[in-house]
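Student: Top to bottom, those sequences are chains A and Z. Take the first sequence: its letter number 215 is residue 215 in the numbering used here, and every next letter is one higher. Take the second sequence: its letter number 88 is residue 1088 in the numbering used here, and every next letter is one higher.
Read the hints as simulated data drawn from the structure, not as lab findings. Note that CB positions come from ideal geometry on N, CA and C, so glycine has one too. Check before you lean on any hint, since a few could be wrong.
Partial selection, computed: residues in chain A whose CB lies under 8 Å from chain Z [to be verified]:
#1 14
#2 15
#3 78
#4 81
#5 100
#6 108
#7 111
#8 112
Listed next, the in silico PhoX-like pairs over lysine-lysine satisfying Cα-Cα at most 20 Å (straight line) [said to hold, decoys possible]:
#9 1083(Z) with 148(A)
#10 39(A) with 1242(Z)
#11 1006(Z) with 148(A)
#12 1020(Z) with 122(A)
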Amino acid sequence: MESVIKLQNVSVSYLQNRKGIHSIKDFVLKASFIAPFQKHRVLHHIDLDIQKGDSVGILGPNGSGKSTLLRCIAGIIRPEEGTLQTHVRISPLLALGAGIEMELSGYENMRIALALTGNYSKATRTEMIEKVSDFAELTNEQLRMPTKMYSTGMLARLSFSSVMTGHPELLMIDEVLAVGDKGFQKKCMQRIHQIIENGATLLFVSHSPNEVMEICKRGICLKDGIKIFDGTSAKAAGVYNKLFD
Amino acid sequence: MTGSRKYIILFLIYKNLQLKYKHSALGFLWSLLHPFLYLLIFYTIFSHAFPNIQNYPLYVLSGLVFWIYFSGGTSQLCMVFIKNTFLIKSFNIPKTLYPLTELGSELLSFLLGLIPFMVIMYFMGLHITFNLLYLIPVILLFSIFIFAVGIILGALNVFFRDVGILWNTINPALFYLSPIAYPSNMVPEQYKLIVKFNPLYHFLQLIRNVLYEGTAPSLHYMINCLAITLVASLIALLIYRKIRNGFISNL
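Take the sequences, apply the hints, and build the full model.
Tutor: This is the structure in structure tokens:
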């Protein structure tokens, strides 16, 4: 098996305004000219080796660094320490509302998403847009509306479909399934299975251990930015459940 | 990847222009109306106050058009990272593309607006000579300066949200500090230093060399503007490099 993502001793820190300084007024009053920012570490020395075709579920309480881990792999955040190697075409992160411009229509957002995923060319344009709208089950009328008028579920449908319709080599899903209705969830699950069968790699963040067990073979569990478990998804779900006992 | 990078850039520009004019009935015409209204006001009020300026309307308009590009461009860039939060958080494309495309769309609407204004300026007595070609390097330099100022504002605005508010307050003050509606030689000797401290003063001189006097830009102001742009770019680079990694957590 070839390793497609390899994290060695990766730590990520965020730059935070010191003492809750969010305006220049605070900045002056609290006299923090010398060091206005401080670092806050969110991921601690993560080692992770993901093989081609792996399906990895990522579990953990809120604020444990799951989304940060995905963003780090997606190249959106740079690790502060350690090395990160990816040997796979990175597609955008699927998170709620991610990449959607609320003032633009569904069609326009679709085109932007397709361009950003590298799936937009003159030759395939119409075909791709048709496929995406079919999958999203949004009507022509709905797709012409500005997305600010969309419901949460419709937004999830739109962003999910724009990414899923291409042929992603690496799929990263950050809790978008939860807001779709039952029918759409089912359809997405099927599509995810299909993509994995085609040899793609999946990273799946969720709060539902059952979903993780259903989709993923492997599971990891994060707590306070530390990887506390890495093994089968069933065992990871057990570890996760125990955190709340 | 390079192919889709091109699309991304085009789409971001398209998106900016769409967002700017989409829900307005007059659309692009607004960007022409704005300087025109000011011109009208200045012409009726100030042309009698400054009788010693030759061809006052041309003097005002040449400054106004560029001022609006500056104030619009910097205000847009100031918000650029905040506006694109969702895109920045989900797509792995260089973050500099957002301000670059933002400036690109501002430049585009500025250049489009320049066409009718050049026609108006022609009727006001603008000399059509090859010297007008100097506008190209001048606009280029001015755009880089706007970009640098915008990056400084935009990057800081992510951490301190009142930078945007502050800039909107300073903007009109800067307008009256700059010799747009009045001639710079009218400023009393003891305040001259303040005027010269304003970077826009030097750019305005450069622009008026070409558009108002119809000559080549003077070497003196050209060097000043180059130096100003260089310093602004360096500051922008320093600030941006220092804090760009903190964007995600503060957006």
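Student: Each hint should be assessed against the structure and marked as holding or not.
Tutor: Hint check results:
1. Satisfaction of the interface hint for residue 14(A) is found here, the shortest Cβ-Cβ separation to chain Z being roughly 4 Å, below the 8 Å cut-off.
2. A cut of 8 Å between beta carbons decides the hint on residue 15(A): the least distance to chain Z is about 3 Å, and the hint holds.
3. Because the smallest distance between the Cβ of residue 78(A) and any Cβ of chain Z comes to about 6 Å, under 8 Å, the interface hint for this residue holds.
4. Given the 8 Å rule on beta carbons, the hint for residue 81(A) is violated: about 13 Å separates it from the nearest Cβ of chain Z.
5. A cut of 8 Å between beta carbons decides the hint on residue 100(A): the least distance to chain Z is about 6 Å, and the hint holds.
6. For residue 108(A), the interface hint holds, the least distance from its beta-carbon to any beta-carbon of chain Z being 7 Å, beneath 8 Å.
7. About 7 Å separates the beta-carbon of residue 111(A) from the nearest beta-carbon of chain Z, less than 8 Å, and the hint is met.
8. Restraint check, residue 112(A) versus chain Z: the minimum CB separation of about 5 Å is within 8 Å; hint holds.
9. With a C-alpha separation of about 14 Å, the suggested pair residue 1083(Z) and residue 148(A) falls inside the 20 Å cut-off, and the hint holds.
10. Distance restraint check for residue 39(A) and residue 1242(Z): the Cα-Cα separation of roughly 13 Å lies within the 20 Å cut-off, and the hinted pair is therefore satisfied.
11. For the suggested pair residue 1006(Z) and residue 148(A), the alpha carbons sit about 27 Å apart, so the restraint of at most 20 Å is broken.
12. In summary, the hint linking residue 1020(Z) to residue 122(A) is not supported, as the alpha carbons are separated by about 26 Å, beyond the 20 Å threshold.
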